[in-house]
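4 protein chains.
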Amino acid sequence: MDLRARKRIAVIGGARAEKKHLKRAADVGRLIAERGAILVCGGLGGVMEAACRGAREAGGLTIGIIPGDDPGEANPYVDIAIATGLGFTRNSLVALNADAVIAVDGEYGTLSEIAYTIVYGKKVIGLDTWDIKGVHAAQSAEEAVSLALED
Amino acid sequence: MDLRARKRIAVIGGARAEKKHLKRAADVGRLIAERGAILVCGGLGGVMEAACRGAREAGGLTIGIIPGDDPGEANPYVDIAIATGLGFTRNSLVALNADAVIAVDGEYGTLSEIAYTIVYGKKVIGLDTWDIKGVHAAQSAEEAVSLALED
Amino acid sequence: MDLRARKRIAVIGGARAEKKHLKRAADVGRLIAERGAILVCGGLGGVMEAACRGAREAGGLTIGIIPGDDPGEANPYVDIAIATGLGFTRNSLVALNADAVIAVDGEYGTLSEIAYTIVYGKKVIGLDTWDIKGVHAAQSAEEAVSLALED
Amino acid sequence: MDLRARKRIAVIGGARAEKKHLKRAADVGRLIAERGAILVCGGLGGVMEAACRGAREAGGLTIGIIPGDDPGEANPYVDIAIATGLGFTRNSLVALNADAVIAVDGEYGTLSEIAYTIVYGKKVIGLDTWDIKGVHAAQSAEEAVSLALED
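Chain order of the listed sequences is A, B, C and D.
Numbering-wise (our numbering), the first sequence opens with residue 745 and increments by one.
Numbering-wise (our numbering), the second sequence opens with residue 745 and increments by one.
Numbering-wise (our numbering), the third sequence opens with residue 745 and increments by one.
Numbering-wise (our numbering), the fourth sequence opens with residue 745 and increments by one.
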């Protein structure tokens with residue numbers, strides 16, 4: 745397993761979310777894993793946890809870049825927890841560590857990550873999230889993951 | 745001069761901008777100074793530099809929180825240059841160090857700062873910038889600075 | 745007052761310290777101010793606060809780069825409080841924002857700042873602090889500040 | 745493979761080092777992997793690369809937390825490259841992400857990591873490195889890894 749050769753897709757969204765968004769995030773996570781990519785996220789609950797759970801159930805690998813000092817704070821579906829101690833300032837690092845980003849729902853933390861992703865010249869795909877210039881809206885988890893993995 | 749008692753208003757916007765936006769930013773900077781507040785910014789060129797210049801011409805104090813390692817990289821109208829070495833990740837620190845934020849024009853770096861400001865529970869006033877929920881649109885520099893200094 | 749032309753000297757040391765070290769730190773702060781330099785520190789208590797108090801009593805300007813999110817957490821003798829939200833990771837920023845550093849007493853946080861200062865190619869002067877290669881030991885506050893302000 | 749249950753040991757040291765130190769670092773990396781732990785490092789060359797190479801040759805997993813913006817800058821023996829964009833400020837994150845740290849040789853960057861490790865309440869084992877209070881000197885790679893993995 746050559747981990748460095750695998751694409752890394754970040755899934756971003758709120759630490760709290762409605763069931764329908766959590767379901768979407770889990771589907772996205774599962775598809776990322778099935779397509780052989782590594783899932784990156786902010787490592788906490790809500791959309792992040794649902795995406796990790798989906799990826800893990802499909803045998804994928806998950807990385808969580810968390811705001812706190814203790815890797816143990818990551819959600820239980822994170823395989824590689826990276827503690828930053830940076831608080832919300834770590835949002836920039838989520839974007840740095842992805843080849844493309846899929847946003848599911850989300851509020852202003854998610855918006856900061858969308859913005860950073862575009863600053864860093866990478867693609868953002870949106871599912872029921874901020875409708876702003878630069879976000880490629882997708883209609884389904886399948887479409888989102890396909891767009892994220894396109895070159 | 746009790747600096748700690750003075751409000752701090754951040755002016756955010758692109759490192760490159762059209763003349764009309766630079767003029768606006770300079771007006772905003774001047775008014776911040778005239779109203780006794782400290783101007784905070786990202787310390788580089790464009791809107792940041794214009795705002796600092798406006799504040800300095802009105803006798804104000806300016807703080808620039810820059811991405812690089814060397815305080816000397818700040819624009820010449822910054823009084824207190826804070827080097828972070830964090831790159832764009834420093835955008836979060838601009839928001840942390842303001843009581844309110846005025847966005848003038850700007851692209852995705854500005855958007856990340858708008859998002860952080862709202863994450864941190866502070867007010868964002870916009871002048872020809874991102875038209876998104878949570879940004880209070882102002883029609884003039886005067887209105888923007890008044891809104892920023894309201895409690 | 746051209747703030748950018750003034751040298752910036754950081755004083756580093758523990759958030760708790762014995763009286764004799766606090767006295768030393770206050771003397772160092774006072775001398776930095778009397779010699780026209782700006783005092784930079786980590787913005788908290790102990791040696792940092794004593795140094796700021798000394799500088800302020802001599803009419804100097806003080807900058808505190810703090811670990812937390814709220815500039816209000818800086819000690820009361822800090823004029824310009826910069827919130828980083830970075831926790832101890834902010835120690836690197838203290839070193840980045842000084843032309844030279846004076847360490848007074850201190851434990852491992854201080855040691856990290858000494859190390860960063862040398863990594864960044866700047867001079868460290870020590871007063872009863874870590875006795876390691878690269879730290880110029882001084883015998884008095886006067887000597888420390890003179891060494892720090894030498895070219 | 746439950747990655748979260750595995751201990752994480754950081755190996756720190758210079759990006760350039762003499763052959764004997766590189767050999768030591770490779771031995772340390774190999775033993776970390778053989779003992780079932782994950783190797784964490786700063787992701788660049790020298791001691792970091794040698795340790796990763798040793799771990800990889802023994803079938804271990806390696807994490808590199810790098811100063812730059814691009815995960816691709818990590819040395820080729822890093823499995824999980826985490827880009828921080830923080831420059832040397834990332835040294836704190838290396839310490840946050842280890843249960844214990846082994847220092848091999850090294851200069852001031854290494855010293856900052858030793859200091860952070862102790863600030864964060866974790867054990868530092870030294871092999872031909874800084875001889876300061878708080879560093880447990882080991883005589884061999886075997887002893888170092890055993891000390892690091894003790895409770």
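Worth double-checking, as some hints may not be accurate.
All copies of an identical chain are treated as equivalent in the list; a pair is satisfied when it fits inside any one copy or across any two copies.
To be verified - 25 Å max Cα-Cα, derived DMTMM-like pairs, lysine to aspartate or glutamate:
hint, residue 1, residue 2
1, Lys-877, Glu-817
2, Lys-763, Glu-778
3, Lys-877, Glu-851
4, Lys-866, Glu-801
5, Lys-877, Glu-778
6, Lys-763, Asp-872
These are calculated hints, taken from the structure and not from any lab test.
Structure-based check of all given hints:
no.: 1; hint: Lys-877 with Glu-817; verdict: neither (34 Å within a copy, 31 Å between copies)
no.: 2; hint: Lys-763 with Glu-778; verdict: within (22 Å within a copy, 43 Å between copies)
no.: 3; hint: Lys-877 with Glu-851; verdict: both (16 Å within a copy, 10 Å between copies)
no.: 4; hint: Lys-866 with Glu-801; verdict: neither (27 Å within a copy, 34 Å between copies)
no.: 5; hint: Lys-877 with Glu-778; verdict: neither (29 Å within a copy, 36 Å between copies)
no.: 6; hint: Lys-763 with Asp-872; verdict: within (13 Å within a copy, 36 Å between copies)
Checked against the numbered hints given earlier, the structure breaks hints 1, 4 and 5 and satisfies all the rest.
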